[in-house]
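J.: These protein sequences, in sequence, are chains A and B.
The first sequence begins at 0 in numbering that gives the first Met the number 0 and counts up by one.
The second sequence begins at 0 in numbering that gives the first Met the number 0 and counts up by one.
Honestly, the hints are just simulated from the structure, not real lab data.
Just so it is clear, CB atoms sit at the ideal spot from N, CA and C, and this is done for glycine as well.
Among the hints, erroneous ones may be present.
[Said to hold, decoys possible] Per the computed footprint, the stretches of chain A lying under chain B, defined by three or more beta-carbons under 8 Å from a beta-carbon of chain B, are:
1) 42-48
2) 67-81
[Said to hold, decoys possible] In silico DSS-like links for lysine-lysine, alpha-carbon gap of 25 Å or less:
3) A:Lys78 <-> B:Lys121
4) A:Lys53 <-> A:Lys78
5) A:Lys53 <-> B:Lys201
6) A:Lys53 <-> B:Lys119
7) B:Lys201 <-> B:Lys150
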Amino acid sequence: MALTESEILAGLAEIVAEETGLPAEQVTPEASFADDLDIDSLSMMTIMTYAEEKFEVRIPDEDATSLSTVQDAVDFIAKAQA
Amino acid sequence: MPEVVVTGLGTTNPIGGNVPDTWAAALSGTSGIRTLDNDWAERYEIPVDFAGTLKVPAGEVLPVRDTKRMDPSTQFAVIAADEAWADAGAPEVDPERLGVVVSSGIGGVWTILNAWDTVKEKGARRVLPMTVPMLMPNSSAAFISVRFGGKAGAHAPVSACASGAEAIGDAVEMIRSGRADVVIAGGTEAAIHPMPLAAFAKMQALSTRCDDPQGACRPYDVTRDGFVMGEGAGIVVLESREHAEARGARIHAVLAGVGMSADAYDVAPPDPSGAGQERAMRLAVADAGIVGDDVAHVNAHATATPAGDLVEAKAISRVCGESVLVSATKSMTGHLLGGAGAVETIFTVLAVRERLAPPTINVTEPEPELPVDLVRDQPRALPGDGPVHAINNAFGFGGHNVALVVRSA
């Protein structure tokens, strides 16, 4: 059973909060991982490693670092679930 | 050759989360040893259920972003480095003249073992991308170099339980040889994990006094039965005297002499003759331009193993005579492995600065033939009122011997 976009957003926000100490509310769809959340490429890969496990999807490493905003990641995961 | 002075001190360890708290706890004879809050002893049949865990957990000091990207050993080193750097007055120094020498006995053992658990349980895709930079034994040196912008070189000399002292010795040489004006140096360890506990226990190196953890580490006592694992870090800021004086820095002490040797005897126990330890001390004393009788105090390696303590005490007496005041601070902190030599260098610096030798706790029945003057339950004043010298000893499995001579400023 695929998760809804808002469920994916909430799950992703949880991972980002755990990894960075930022409040989950700051992880909004329009937030840029690099510019707004100060997440570098290794942290991004860490977050996507956890996301693969949480959402039971495969996020190839080259895709993981090309996701720019939180919405990009939500879209990628939603599509990968389908 | 430039004289090397100590201008900054920092630590986090089982008896204190910083230098002032640690020194106060040491002078009052506080044990940092606790029964562990887990079921390792029962679950894995480890004969030891206690250790010296940090007094102030690293997660209470560092932000999440740091703790997620650093092995615990590096977290401890960074906490100590932050304190030492601030204590030194955050010196303004050309980055190419700022060096780092920070080591560990074991390295990122938590990171290594957690990553292997992940591979076994979940497969290679679940391994985190920071695993390699976190597990490297040079990780603490690298993180500290990045954090403070040290570009003169970042090194991590590994010599088991002598690592922290060897790092400080190498830092002295780095300044003397002209490669750097300021060096951040020390050692760290975070190995209170069931695997190292099991492995050290198998060597019969650990005390198994589970019914009395605070009384378990008993250096020089006839009932001593092994060392107690501790964790933590010690970091010092070393500087050429010229650089320190030009910026008006407060000088804690002089790092006056470095002596190193190898037993070439066995990969685990020390040479029972103590010849290698004696030679390290003699070299350090000669390097400081003094004689053994000038040494008023020794912070001994003294881990409380049945074999090791007396070998060292006899070597100390051969170099410094029988009236030298000897303290074994591991009785309070436990054995910080790669962090030990650095934390104990800090104790030695404070001892000459305050002219006070810290106590050795848990000695109820000292070895009858102990050829040195052991400082027991209370601190004791170092004699005289002129410049005072002290030695910090640190020895490691593999026969690594390091002695550092510290002189009052």
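J.: So which of those numbered hints doesn't the model satisfy?
T.: 2, 5 and 7
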